[in-house]
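4 protein chains.
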Amino acid sequence: MKALVLEEKDKLALREIDLPQQLGPKDVRIKVHTVGICGSDVHYYTHGKIGHFVVNEPMVLGHEASGTVIECGAEVTGLAPGDRVCMEPGIPDPTSRASKLGIYNVDPSVRFWATPPIHGCLTPEVIHPAAFVYKLPESVSFAEGAMVEPFAIGMQAALRARIQPGDTAVVTGAGPIGMMVALAALAGGCARVIVADLAQPKLDIIGAYDGIETVNIRETSLPDAVAAATDGWGADIVFECSGAAPAILNMANLARPGGAIVLVGMPVDPVPVDIVGLQARELRVETVFRYANVYDRAIALMASGKVDLKPLITASLPFDDSIAAFDRAVEARETDVKLQIVMPD
Amino acid sequence: MKALVLEEKDKLALREIDLPQQLGPKDVRIKVHTVGICGSDVHYYTHGKIGHFVVNEPMVLGHEASGTVIECGAEVTGLAPGDRVCMEPGIPDPTSRASKLGIYNVDPSVRFWATPPIHGCLTPEVIHPAAFVYKLPESVSFAEGAMVEPFAIGMQAALRARIQPGDTAVVTGAGPIGMMVALAALAGGCARVIVADLAQPKLDIIGAYDGIETVNIRETSLPDAVAAATDGWGADIVFECSGAAPAILNMANLARPGGAIVLVGMPVDPVPVDIVGLQARELRVETVFRYANVYDRAIALMASGKVDLKPLITASLPFDDSIAAFDRAVEARETDVKLQIVMPD
Amino acid sequence: MKALVLEEKDKLALREIDLPQQLGPKDVRIKVHTVGICGSDVHYYTHGKIGHFVVNEPMVLGHEASGTVIECGAEVTGLAPGDRVCMEPGIPDPTSRASKLGIYNVDPSVRFWATPPIHGCLTPEVIHPAAFVYKLPESVSFAEGAMVEPFAIGMQAALRARIQPGDTAVVTGAGPIGMMVALAALAGGCARVIVADLAQPKLDIIGAYDGIETVNIRETSLPDAVAAATDGWGADIVFECSGAAPAILNMANLARPGGAIVLVGMPVDPVPVDIVGLQARELRVETVFRYANVYDRAIALMASGKVDLKPLITASLPFDDSIAAFDRAVEARETDVKLQIVMPD
Amino acid sequence: MKALVLEEKDKLALREIDLPQQLGPKDVRIKVHTVGICGSDVHYYTHGKIGHFVVNEPMVLGHEASGTVIECGAEVTGLAPGDRVCMEPGIPDPTSRASKLGIYNVDPSVRFWATPPIHGCLTPEVIHPAAFVYKLPESVSFAEGAMVEPFAIGMQAALRARIQPGDTAVVTGAGPIGMMVALAALAGGCARVIVADLAQPKLDIIGAYDGIETVNIRETSLPDAVAAATDGWGADIVFECSGAAPAILNMANLARPGGAIVLVGMPVDPVPVDIVGLQARELRVETVFRYANVYDRAIALMASGKVDLKPLITASLPFDDSIAAFDRAVEARETDVKLQIVMPD
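For the record, the sequence lines run as chains L, Z, D and H. Mapping of the first sequence onto our numbering: residues 1 to 345, in sequence order. Mapping of the second sequence onto our numbering: residues 1 to 345, in sequence order. Mapping of the third sequence onto our numbering: residues 1 to 345, in sequence order. Mapping of the fourth sequence onto our numbering: residues 1 to 345, in sequence order.
Please keep in mind that the hints were generated in silico from the structure rather than gathered at the bench. Quick caveat, the model's predicted, so the values are computed rather than measured. Take these hints with a grain of salt, some might be off.
For identical chains, the list gives no copy identity; a pair is met inside one copy or between any two copies.
[What the hints assert, rightly or not] Capping the alpha-carbon separation at 20 Å, the derived lysine to any residue pairs in SDA-like fashion look like this:
#	residue 1	residue 2
1	K2	D204
2	K135	N253
3	K26	G82
4	K135	W233
5	K135	G232
6	K2	H47
7	K26	K310
8	K9	K310
9	K26	S96
10	K11	A324
11	K26	P137
12	K26	E75
13	K310	G207
Whenever a hint applies, use it, and build me the whole structure from the sequences.
Put into structure tokens, the structure is as follows:
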């Protein structure tokens, strides 16, 4: 099977590679249609590792995928060849202690596409457990289907926040994940979402959505802006999506008494936190690790028109140009949100 | 002060009546602008009582109000003459056990406008504690301001439901409160809301909103419709807004395993409930009594454009025609959702 | 394999029967030590069915069991031959929608011991998935290990209640399950638990525990007793464990404003509920269906000495006297709480 | 009125001082019986300030108090002269936004005893709002009544943790507050509580309680001890009560996937937090600021015998020896947990 293979740090190849072909009784075989490029794919390409996950063997990249079912295992129900689908890339041990609790995302034995040593899905065909394959409604395109994975992180953040209808939220950091979080929070019940960043092009993209306000923190004090927007009370929820130390140090000042902070951004090393500041308002702090049980919710919001991710798809490139697509992603132009790779028919 | 006075069952008068004029240090004086007519106002008119609340003395009607602050008590902060506002009609003892817990709506000592023996607000001027007076943003009209009160019940139902982003909800009963609940649930994070009723004109009104689907249960089995809409899984949340015994008996069948039911409709007498049916899916059942801490959230959703209540205001009538307005409300035309009374300048 | 077989309604046999012998890679083989007799076992014996579960074929009874691991499948970790264990009797499809959410108890495909057509465990050896087998600490005997199953229902009720430390709870109904609920609520954070019943012998058994108060409702008004115990405020939580219509009709009167009711008792048919009474205090109503994710918690409370179930084990009888044991259970003496059957060495 | 007055840093006087004598209609006058010495009292004595709270004027110390009602304001209900009581020392504005939400502890306008510029209660008589005065049952002594305040912090931590029955908790730091948290957690539903500290004398005191295990981190690795106690899974809840940077940096390693951390200890400055470590297990982090709505719960647990704070009262000294008592408290002997001052009859 041809695939986009990360041979080692800085070295990609579009080449044949041996991948599992055996369809288990609860698996489906899927013809891949679209695969989005994630920051983590790019990071493996440029650094050869993320934390303690190290690329020691050639590994197929890609984990944001949609496609069409072409074969079903003997025990599969609810899916049939021809179904348009997207795939949840992390497969837990379904009988682990974490999985039994419904938090399969924190099962230590999860096998996640394009996380060493597990191969990803930038290849024309994949096999996947049916329990982690979700049908796409007519109104959701393959391109949008491949956006469900990054949007799922926004959904997980919105769920962990326990949004109450009419909340005001602040999102610090307008990268792709910050944008996903802002849209999930808005669709998920917030009345207003204020997105803050240093980069105006990113703010322009997310600020084009109804209900999203933006603050360029090069020009405006974010605490002042939040105080002004909330009569001095503070935001109900702060989604920290930058991973930047100054944002983390000051996040308590943005929240109302009794509010919540959701830590989405991932600073590599420990960073200073103003614990007394958190305590003074008795804030709740939630953290996010990937997602669990959100794919169906994400798809429902996209199908109903409450969330439109199409404006965040910057460009689609053919599979044969995958290496060029990754090189463009490495450049990280400020107006690029999501690049996608489309497989040949 | 002139006011719309319910003298006794079936007898309204627009006449002078003695009302408190003393402004306390934490009170504001408000020039009333718009007052909506609620089903409870009408019920007192036609029945002279609701449950154990009996009209034994002449009582001013009305509790859904907006207006303009014209005077502030000495200790009032955050409000000033000229502020456009709406008023929360129930005033608790702020140091009661329930109030200290934040659930002041269930404080037994609440004094609620137009609930005997407390006078309502269908009069040109009222005095109200500043803590229960809320500023209206520019974008929210007086007419919409007077809709905050009925919408607050929808908000309370949405809060008690603990909606998770992307939930599917069913609303049984498309009366004014059912409509408010449907809109609050949709703005509050649901991906889809299915509203069921027997009366097609009501369904047509609420079905005109994006994201609301309707089921006429004269024509279609609601359990079948819900099963079809949810792949046989059931709705995440069922808002029971009809108060009708058959709807209550069958509500468990509409919910998914582990889902929730919110009881908003108020059947006068005990009604049969299928407890084993609730248990078989381990459903959570929430109940709603008025509202607490939702006015600011309701206003925020209206200000941000996520909730538009203007289509539900059927007609506005001048204060001098109040009795005629009530008589129209008694008729309860199927296409009337909300009638409002506007005070003279 | 010899087993206690319910041939049909009213007819038990202790005889050889073909049972599965195949050990899967994730299964363990267990030498059964003790099996408690549950009301449901007795009901199948005397009625041949429970609801739509009908005994159409001979079925082995028993689902409250402890024993010793004697063989482990190839992929089993965390268990070894010689481990003393107890077994969770309901096995879900681990990849079902409900299981993925962590609520595997409401997975419609659960296979539950001694629920037609699934055989139970009143037989010397059983095969069970390792994920539903739990090690017993030294301090927990086999007899107590076989009590984990009925206690798990109490734990599920305590979890669903969301007890806050220092809560006051009322338990209506002092049958075996009411007793389990009372002990779980007390260990689970309640300051006081008031148990109400008509039968003084049962009240005497549960009232012997520190922290449990009893009310004999033949002699004392329960609402009055609760009001007296709570300064007129009401109980934080009411566990309805009787399934009796009068208790259900009046349960709202026992709860404080904003309190909770947990429906544990199972009335066969729909019963009248005072919905306006529930709403007037804005109560939350939770329901319980078996249990999920509570075995480890139940064992921890027993091991730490916070819960002592030994006083509830009325008698232990040898396997060879199983039919006599069931006949004694049918009598349902008021001082019998739990009868257990002990397998031969 | 004679009182223990902190004149300035390092200077205490037992002298006459003018204190408010006016009894409002919702106030009670209380003859003080016992007042505990809190670490914050001592800190004002030795440092003249805590954070931005600075002692600029002479201030009466003390905020942990019990006593007897001697006079009631005209509108007071539920209390009468002769009632034995304890007093919640923080008085919020009951109509503030935070108070309306039930989180009056984070109302910025709270007036808290012995927090500059508000006088404390180390004086024979105090006036206090009846809403923050709680009756002591017969079984709770004045000495225990004066322990309700520090125990309330433990209760707040236990409430914020949302303990589930049977949880395993770890408490880092065995100071007086750590001890209170451990006891509240145990009574509040935990099966086991593991308390860790460097100081063996403190561990010996708290370890004498049934259900509390101790780890001296000079001798034993706490992560190893927790892993051993939980089969490698981790604690359900970690209560961080030391405020020490190393404990905070490593706290994520003690918690199970999906567990919770409650930040009780207050490090003066920002400290490094391993955010990725928190995210990898998707932990929830709660913070604690004083307490709200816990006094009645605390008293209920003490009255029922589930919590016995008497062993933590190290010594009682007469009011006339107050200064000596504070000097002993400054010494902070490792075996002193709580010193109390008793007023003359």
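A quick look at each hint next to the structure:
1. K2 / D204: The answer is neither: 38 Å in one copy and 54 Å across copies each exceed 20 Å.
2. K135 / N253: So K135 and N253 fail the 20 Å test inside a copy (42 Å) and across (24 Å) alike.
3. K26 / G82: Only inside one copy: K26 and G82 sit 17 Å apart there, 34 Å across copies, limit 20 Å.
4. K135 / W233: Classified as between; 15 Å across copies, 43 Å inside a copy.
5. K135 / G232: For K135 and G232, only the inter-copy Cα distance (14 Å) is at most 20 Å; the intra-copy one is 45 Å.
6. K2 / H47: Result: close neither inside a copy nor across copies, 24 Å intra and 63 Å inter.
7. K26 / K310: Neither: 32 Å inside a chain and 44 Å across chains, both beyond 20 Å.
8. K9 / K310: Cα proximity of K9 and K310: none, with 31 Å in one copy and 59 Å across.
9. K26 / S96: For K26 and S96, the Cα distance is within 20 Å both inside one copy (18 Å) and across copies (12 Å).
10. K11 / A324: within (12 Å within a copy, 75 Å between copies)
11. K26 / P137: For K26 and P137, the Cα distance exceeds 20 Å both inside one copy (22 Å) and across copies (37 Å).
12. K26 / E75: both (5 Å within a copy, 19 Å between copies)
13. K310 / G207: within (15 Å within a copy, 26 Å between copies)
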